[in-house]
Amino acid sequence: MGWGRSRDAAPGVDPERKSPAPTEQLFRLVVEASPNGVVMVDRRGVIVLVNRETERLFGYTRDELVGQSIERLVPSRFKSSHPDMRQGFLANPQARAMGAGRDLFGVHKDGSEIPVEIGLNPIEVEEGFFVLASVIDIGPRKQVEAELRRSNEELERFAYVVSHDLQEPLRTVSSYVQLLSRRYHDRLDADAMDFIDFAVGGARRMQQLIADLLTFSRVGTRGAPLVPTGMQAVYENALASLRAALDESNATVTSDPLPTVVADAGQLAQLLTNLLGNALKFRGDQPPHVHVSARRAGRMWTISVQDNGIGIAPEYFERVFVIFQRLHSREEYPGTGVGLAICKRIVERHGGRIWVESTPAQGARFSFTLPAVAE
Amino acid sequence: MAIAVPPFDILLVEDNLADVRLTQEAFKDARVPNRLHVARDGVEALGMLRDATGTVPRPDLILLDLNLPRKDGREVLQDIKQDEALRHIPVVVLSTSHSEHDIARSYRLGANAFVTKPVDVDRFFQVIRSLEQFWLDTARLIRP
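Just so you know, the protein sequences line up as chains A and B, in that order.
Using this note's numbering, you'd call the opening residue of the first sequence number 1 and step up by one each time.
Using this note's numbering, you'd call the opening residue of the second sequence number 1001 and step up by one each time.
There's no promise every hint is true.
[Stated by the list, open to error] Beta-carbon label-pair distances, calculated as ranges:
#1 B/Gln1133 <-> A/Tyr184: 47 to 55 Å
#2 B/Ser1130 <-> A/Ala190: 29 to 37 Å
#3 A/Glu315 <-> B/Gln1133: 25 to 33 Å
#4 A/Glu332 <-> B/Gly1047: 37 to 45 Å
#5 B/Arg1108 <-> A/Tyr333: 57 to 65 Å
#6 A/Ser249 <-> B/Gly1047: 24 to 32 Å
#7 B/Ala1104 <-> A/Val373: 25 to 33 Å
#8 B/Gly1047 <-> A/Tyr333: 49 to 57 Å
#9 B/Ala1104 <-> A/Glu154: 49 to 57 Å
#10 B/Ser1130 <-> A/His185: 49 to 57 Å
#11 B/Ala1104 <-> A/Arg149: 36 to 44 Å
#12 B/Arg1108 <-> A/Ser249: 40 to 48 Å
#13 B/Arg1108 <-> A/Val373: 33 to 41 Å
#14 A/Leu188 <-> B/Phe1134: 18 to 26 Å
Just so you know, these hints were derived from the structure itself, not from any lab.
Glycine included, C-beta positions come from ideal geometry on N, C-alpha and C.
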């Protein structure tokens, strides 16, 4: 067949063959049109076919590659080990991604390295055994990822600096308004005291917002490493920190035995405290009943916090996790609208997801996934 | 019968005038007689501490902010604790910082206490009151 040796080989249409079996020409068109670089090598590692994208990616013409060793496209630091790896593949030929999680590079004609992903497929035909490699240029993706990471870091740094520097003047405003009320309350009339209360309330709320924003910005930058963490102890500490709210609301909180997960213990405590705190805060007429359950699904644990509170209408299931989004007036339920956004960020930092299910007036169930400890 | 105690001298090192005044107001309510002296930056503070003319008494207690112009509080703390003539004076770091790093560093440099300034004015007054009670009443200091 001599795939790829010449660009305009005759299409070998066989009238005997039952249509619609793909013809060689069709195969050629598909390979040519592939957005991935396609390189086929024989068992000795000699290139027998390349497509247009491969030419573009590596800067060689087809004639410069076909008949050459595949090692020509491998960076020099991997050249010595590459033949052994090819032998390894031939010993156990299965379609798979190359490199098993390592960063792979190809080398361009001009010597520069190109970050790539490579899928390998064994192909056995009459002419013998071949390996078809599909090469994706991940340079643009890597660049976008790097830019995204940089801009996220900058945003977090910005939020941190802004929130820290905003605390100072705000503290002055609130301190002096409070001092005014402390010193002069017997000389001021009811209106004046009202105005002072509004000013103090506003400053206090802004302080809370800034503190929450600071916490939010620290999830990504100040996190501890993710290590096996016993959730039971973290849960019990979270409950202890909510003691006042538990007593005040006359709540009953129960849990399944909780597993060990791969987590940052401090952030896990914050996550549980926020969710349990919400379960108590958004209670209905009944004393709160809260249950924390744990269910294993594959590599992840799903943890759910079920309450019997006021619940959330389905149209807000997504919105509750967005920063500064609130569903109630501050008079009904105090808060800054940052708590669940912090939860979402924490869960996502751990590679999990968080969601809510609820029937209004019957309670809400917040669930999140966290990685289990590998066995 | 109460024995008349000479007033305690306290050096407040603080660049923010609003905080200076607030601290002065809090010390006005103090039970222990005291004189509050103010340095607005690190250089001025060390100048007052090393004053040879005797116009500024050597303080019994130093309240030190960390973020100061010219010479910041960490450097001032280090200089005080390395100075044979000053190192016995208790230094309380009084900062808006909650940072673990600032706290650890201050203690390593020899701070005698680290206190985060509360945002609430009543809490702030309580903090000053408890500093006064501990350092000027409970603790025994070297007094001239």
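Cross-check of the supplied hints:
1. B/Gln1133 <-> A/Tyr184: 47 to 55 Å: violated (27 Å)
2. B/Ser1130 <-> A/Ala190: 29 to 37 Å: holds (34 Å)
3. A/Glu315 <-> B/Gln1133: 25 to 33 Å: violated (56 Å)
4. A/Glu332 <-> B/Gly1047: 37 to 45 Å: violated (56 Å)
5. B/Arg1108 <-> A/Tyr333: 57 to 65 Å: violated (44 Å)
6. A/Ser249 <-> B/Gly1047: 24 to 32 Å: At roughly 57 Å between Cβ atoms, B/Gly1047 and A/Ser249 fall outside 24 to 32 Å, so the hint is violated.
7. B/Ala1104 <-> A/Val373: 25 to 33 Å: holds (31 Å)
8. B/Gly1047 <-> A/Tyr333: 49 to 57 Å: Check passed, 54 Å falls within 49 to 57 Å.
9. B/Ala1104 <-> A/Glu154: 49 to 57 Å: 27 Å Cβ-Cβ, so the 49 to 57 Å window is violated.
10. B/Ser1130 <-> A/His185: 49 to 57 Å: violated (24 Å)
11. B/Ala1104 <-> A/Arg149: 36 to 44 Å: Since the Cβ atoms of B/Ala1104 and A/Arg149 sit about 29 Å apart, the hinted range of 36 to 44 Å is violated.
12. B/Arg1108 <-> A/Ser249: 40 to 48 Å: The hint (40 to 48 Å, Cβ to Cβ) holds, given that B/Arg1108 and A/Ser249 are roughly 43 Å apart.
13. B/Arg1108 <-> A/Val373: 33 to 41 Å: holds (36 Å)
14. A/Leu188 <-> B/Phe1134: 18 to 26 Å: violated (34 Å)
Checked against the numbered hints given earlier, this structure breaks hints 1, 3, 4, 5, 6, 9, 10, 11, 14; the rest are met.
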